[in-house]
Amino acid sequence: MAPILLGIVPFGLIAGISAVSVGLTPVHGVGMSILVFAGAAQLAALQLIGGDAPFLVVAATALIINARFVMYSASLAPHFHGASTGRKALLAYLLTDQAYAFSIRRYAERGEPISARLSYYFGAAITLWVTWQTATAVGAFLGASIPEAWSLDFAIPLVFIALLVPAIRDRADGAAAGVAAVLAVMLIGLPYNLGLPLAAAVGIVAGITVERVRS
Amino acid sequence: MVWLLFLVIGAGTFLLRFSVIALWGRLGTVPDGVERGLRFIPPAVLSALVLPAVATSNGHFEVGPRTVASLVAVLVAWKTRSVFFTIVAGMAALWVIQALQ
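Protein chains in written order, with the working numbering: chain A, 1 to 215; chain B, 1 to 101.
Excised from the complex, chain A in its bound form (with noise of 0.2 Å):
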């Protein structure tokens, strides 16, 4: 689990500063570190809102982002069945890719009954989210003190490449990503950001046709 930490550690410190520098307030910051509790929605969302974009961009752009929890969330499913409803909520409020990654791991090695599948599954969210919420925190309230010279915002983009570059796995996955990028540049002048859905949707349309024609 360390180096699991030690990543979301500087992903958190970069979630909490970047609220600041795009105008918001620290308790913002930590607010939607909360309420959202998803560190790639949330840096999209900041740099949305760094940009004036309109309100139905940001919560679009954001959500499509985490539409991905719909995968993770069908493959658990069955191993949290006979789970308290209020049980199965805290634990869906819980789930990160990280989360995710770490218990699929376990359940997939041993057949275990389902409080010992719980309690593995709160033990590792748990410390998650306490890790993402101080690390938010402390850059939130750091972000303020921090020389605009050192050009942090650009830690952003760096922890998109940071998350990109591993979910390009093969050429469906590579053409999703060349085809969006390309796109999202060549709309960039459209109104209300809407060059990014737009450039997103071809692209995983663009990635759906490629591995269609391969397979």
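Simulated from the structure, these hints should not be mistaken for lab results.
Remember, predicted model here, so these are calculated numbers, not experimental data.
Be careful, since some hints might not be right.
Unchecked claim - Just some of the chain B residues that point at chain A, by a computed CB distance under 7 Å:
(1) 14
(2) 18
(3) 59
Said to hold, decoys possible - Covered stretches of chain A (in silico footprint by chain B; criterion: 3 or more residues with CB under 8 Å from a CB of chain B, positions within the stretch not fixed):
(4) 112 to 123
(5) 132 to 146
(6) 181 to 190
Cβ coordinates follow ideal geometry from the N, Cα and C atoms, glycine included.
Assemble chain B onto chain A, guided by the hints.
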């Protein structure tokens, strides 16, 4: 307005996370086609966020210090798979380029 935005994103995100876990046993599984589309969301959305942020200026494609520093970051991300080293390398590259200008 900002708080409303966070609430909408937070509630929507919760529903996405809760979706299949909540409905398991009452509905079927996620259709195969939908699952295949979901797989491409991270690469498509992340790259659509990155390239305009690092390779445009005043609404036009332009290679600048941030573009070059991003290429360094891509290389480090690919070699190390580490968020930490990617941020450190990208920031260091940008500072060096800015200092040389």
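Against the structure, the hints:
1. 14: Interface hint status for residue 14 of chain B: holds (6 Å vs cutoff 7 Å).
2. 18: Result: holds, 4 Å to nearest chain A Cβ.
3. 59: This interface hint holds because 5 Å falls under the 7 Å limit.
4. 112 to 123: That given contact is violated, which follows from only 0 residues of the stretch 112 to 123 of chain A lying within Cβ reach (below 8 Å) of chain B.
5. 132 to 146: Since 0 is below three, the answer is violated.
6. 181 to 190: holds (count 7)
Hints 4 and 5 from the earlier list are contradicted by this structure; the remaining hints agree with it.
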